[in-house]
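Q: Chain by chain, the residues:
There are 2 protein chains.
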Amino acid sequence: MKNLIVLISICIFLAGCTNQQGETTEIPQVEKPAWAIVVHGGAGVMNPANFTDEKEKAYKDKLAEALTAGGKILENNGSAMDAVESAIRILEDSPLFNAGKGAVFNAEGVNELDASFMDGLTLNAGAVANVTKIKNPISAARKVMENSPHVMLIKEGAEQFAAEQNLEIVDTEYFYTDDRWNSLQKAKEREKQRLKDETKKSGTVGCVALDKNGNIAAGTSTGGMTNKKYGRVGDSPIIGAGTYADNNSCGVSATGHGEFFIRNVVAYDIAARIKYKGETAEVAANDVINNKLKEIGGSGGVIVLDKYGNIAMPFNTTGMFRGYKYPGKAPVVSIFQKQ
Amino acid sequence: MKNLIVLISICIFLAGCTNQQGETTEIPQVEKPAWAIVVHGGAGVMNPANFTDEKEKAYKDKLAEALTAGGKILENNGSAMDAVESAIRILEDSPLFNAGKGAVFNAEGVNELDASFMDGLTLNAGAVANVTKIKNPISAARKVMENSPHVMLIKEGAEQFAAEQNLEIVDTEYFYTDDRWNSLQKAKEREKQRLKDETKKSGTVGCVALDKNGNIAAGTSTGGMTNKKYGRVGDSPIIGAGTYADNNSCGVSATGHGEFFIRNVVAYDIAARIKYKGETAEVAANDVINNKLKEIGGSGGVIVLDKYGNIAMPFNTTGMFRGYKYPGKAPVVSIFQKQ
Numbered sequence: 001m002k003n004l005i006v007l008i009s010i011c012i013f014l015a016g017c018t019n020q021q022g023e024t025t026e027i028p029q030v031e032k033p034a035w036a037i038v039v040h041g042g043a044g045v046m047n048p049a050n051f052t053d054e055k056e057k058a059y060k061d062k063l064a065e066a067l068t069a070g071g072k073i074l075e076n077n078g079s080a081m082d083a084v085e086s087a088i089r090i091l092e093d094s095p096l097f098n099a100g101k102g103a104v105f106n107a108e109g110v111n112e113l114d115a116s117f118m119d120g121l122t123l124n125a126g127a128v129a130n131v132t133k134i135k136n137p138i139s140a141a142r143k144v145m146e147n148s149p150h151v152m153l154i155k156e157g158a159e160q161f162a163a164e165q166n167l168e169i170v171d172t173e174y175f176y177t178d179d180r181w182n183s184l185q186k187a188k189e190r191e192k193q194r195l196k197d198e199t200k201k202s203g204t205v206g207c208v209a210l211d212k213n214g215n216i217a218a219g220t221s222t223g224g225m226t227n228k229k230y231g232r233v234g235d236s237p238i239i240g241a242g243t244y245a246d247n248n249s250c251g252v253s254a255t256g257h258g259e260f261f262i263r264n265v266v267a268y269d270i271a272a273r274i275k276y277k278g279e280t281a282e283v284a285a286n287d288v289i290n291n292k293l294k295e296i297g298g299s300g301g302v303i304v305l306d307k308y309g310n311i312a313m314p315f316n317t318t319g320m321f322r323g324y325k326y327p328g329k330a331p332v333v334s335i336f337q338k339q
Numbered sequence: 001m002k003n004l005i006v007l008i009s010i011c012i013f014l015a016g017c018t019n020q021q022g023e024t025t026e027i028p029q030v031e032k033p034a035w036a037i038v039v040h041g042g043a044g045v046m047n048p049a050n051f052t053d054e055k056e057k058a059y060k061d062k063l064a065e066a067l068t069a070g071g072k073i074l075e076n077n078g079s080a081m082d083a084v085e086s087a088i089r090i091l092e093d094s095p096l097f098n099a100g101k102g103a104v105f106n107a108e109g110v111n112e113l114d115a116s117f118m119d120g121l122t123l124n125a126g127a128v129a130n131v132t133k134i135k136n137p138i139s140a141a142r143k144v145m146e147n148s149p150h151v152m153l154i155k156e157g158a159e160q161f162a163a164e165q166n167l168e169i170v171d172t173e174y175f176y177t178d179d180r181w182n183s184l185q186k187a188k189e190r191e192k193q194r195l196k197d198e199t200k201k202s203g204t205v206g207c208v209a210l211d212k213n214g215n216i217a218a219g220t221s222t223g224g225m226t227n228k229k230y231g232r233v234g235d236s237p238i239i240g241a242g243t244y245a246d247n248n249s250c251g252v253s254a255t256g257h258g259e260f261f262i263r264n265v266v267a268y269d270i271a272a273r274i275k276y277k278g279e280t281a282e283v284a285a286n287d288v289i290n291n292k293l294k295e296i297g298g299s300g301g302v303i304v305l306d307k308y309g310n311i312a313m314p315f316n317t318t319g320m321f322r323g324y325k326y327p328g329k330a331p332v333v334s335i336f337q338k339q
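Protein sequences, first through last, are from chains A and B.
For the first sequence, our numbering gives the first residue as 1, with consecutive numbering after it.
For the second sequence, our numbering gives the first residue as 1, with consecutive numbering after it.
Hints should not be assumed to be uniformly reliable.
Which copy is meant is left open, because identical chains are indistinguishable; a pair holds if it fits in one copy or across any two.
No more than 25 angstroms apart at the CA atoms, straight line, and that leaves these computed lysine-lysine pairs for DSS-like [unchecked claim]:
| # | residue 1 | residue 2 |
| --- | --- | --- |
| 1 | K135 | K229 |
| 2 | K229 | K133 |
| 3 | K292 | K186 |
| 4 | K32 | K57 |
| 5 | K55 | K186 |
| 6 | K72 | K135 |
| 7 | K60 | K72 |
| 8 | K72 | K133 |
| 9 | K57 | K72 |
| 10 | K338 | K294 |
| 11 | K60 | K338 |
| 12 | K329 | K294 |
It should be emphasised that the hints constitute simulated quantities derived from the structure, not laboratory data.
So here's chain A without its partners, still in its complex pose (with noise of 0.2 angstroms):
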């Protein structure tokens, strides 16, 4: 009789974890905080050798900005979005990061802007893509998402209605920074000499947020991919791919190689194997970027942040530039493996 009892506990253990497995659950790791915010400013290769102190604690120091003033207005029961939008306009506006100013070149010398924005209560989004024009890229992602019917608009129309919603406009020469501009010359004597480039991957910028009320955003910005053909669109702009945020599993926000990230739609991937497997934040984009991505040669990382609040950071590069914010505790920052 013992060992019937037993056995019928086994048998609805197992029935349980049916359920647990092919429906919506997932197992917290964390108690909730009331807010969460997450950043990334790029995932490539990064050698430490070649970080001086001063270096990196520039990276550091900028994430940690971004990150704070995120934080602050999820503090004061401001949205995930507006601390969203925030932390990325930090990021653009430093010449750091490959995002707004100091964004990298096209094969033709321009520096051409993607951005993306999603609302994970409503399943709203905005992007804009190829954009040379707009000082912040990811308040035009934004402004589409709220005030016109579509969700991406590109090159001249995209400005065109940046311009009429009030957004700053620039000379494309806001952009330049030398640095960005030595690495085109750089990745051009490379290919001409049929190099492989493995310096022109990183620093597209994003960021996750969780606020009070239980709402998710998401957003990315980025310059792409130094010497890129021109009109090539990357992850960054593409709704699943480089950005996804929904409510009632995560938001994520990715930065790397971008067709491999179109191609595995990665950031809604992670939310399906969330939402259908009831598998952690973790695992999902662990198997993502350190498994599925990296048997195909597609290098990166991603930001995840689940509803409930947990936090997911992979990478399958050397460094990815990332931090994390919880209420009442300093933000995290890190650019290395293992740290």
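Fit chain B to the supplied structure of chain A, relying on the hints for placement.
A: Below, chain B alone, put in the same frame as chain A:
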């Protein structure tokens, strides 16, 4: 002891179900055919009263022609990719559909075309958006996939690439038809009067094929939305939204109000449900189109072809130009509901 054995059996059965629910199991609906092909020519408001017999016949004949051409390639051991490209080129060249010749006009009176293409074997993909001079955008999307390191090229960059690839470049006037021009004038008139315009969403074309080697390919081509804002990109050129193909699950091509399809990552969501929840193509496609999208006002439909040759063609509008063909059978084509 007998009780014990029964209970152990129940436990094993339940554990088995867990695996089937959470993993990649699909239930074949038909005996697997040697090959299969399915096409659509757009979903929208379609009233049989507005279709003369001649008009209905013209649409059905053209869908059958595309299916027959693709089917011939598949019968002769050709690839799913060749079948998809060939079928879509026929629909692009016909002024009946909103793709290639006969595409709709944007708000500025220009035909801006989008297309995408995906190979389910390699998960390679290509797309072009907002092109105005490429005669067959589906072929340009395939060339981006095969001969560029990128997935998505837009506007002049895409046109420059297509010309380098020796694709046929035409004067933008080639795409002109009186019908579509008149639709734009009507749309503008309705806009002025702030009337809801239901006429602007139909006509995108798409195709999915499964070849004798078990490879799936999918493609979609469109002129977008009549009177759309300059620079707007819909779901058709977005991998994961308008098009997806994976030999391990299914191929999908979508048509409808693109913004809703992007926000819900429709094509990949159907593949993810088959892969992660073990849903059949029919259950997955129906739920996405007739529940998820319908509830939020997202009108349109999809064609889905899974790795077993099962076909689903759900739509939540009054009609969708659609059809399929199996080996040794005549093409089956329909337009309205319940035919």
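Q: For each hint, tell me whether it holds in the structure or not.
A: To see whether the hints hold, each was checked on the structure:
1. K135 <-> K229: both (22 angstroms within a copy, 22 angstroms between copies)
2. K229 <-> K133: Both, since 19 angstroms and 19 angstroms are each at most 25 angstroms.
3. K292 <-> K186: Neither: 31 angstroms inside a copy, 49 angstroms across copies.
4. K32 <-> K57: neither (30 angstroms within a copy, 60 angstroms between copies)
5. K55 <-> K186: within (21 angstroms within a copy, 59 angstroms between copies)
6. K72 <-> K135: Within one copy only: 24 angstroms inside a chain, 53 angstroms across chains, cut-off 25 angstroms.
7. K60 <-> K72: within (18 angstroms within a copy, 60 angstroms between copies)
8. K72 <-> K133: neither (30 angstroms within a copy, 50 angstroms between copies)
9. K57 <-> K72: within (22 angstroms within a copy, 64 angstroms between copies)
10. K338 <-> K294: Within one copy only: 18 angstroms inside a chain, 46 angstroms across chains, cut-off 25 angstroms.
11. K60 <-> K338: within (16 angstroms within a copy, 61 angstroms between copies)
12. K329 <-> K294: neither (33 angstroms within a copy, 43 angstroms between copies)
Going through the hint list in order, the structure does not satisfy hints 3, 4, 8, 12.
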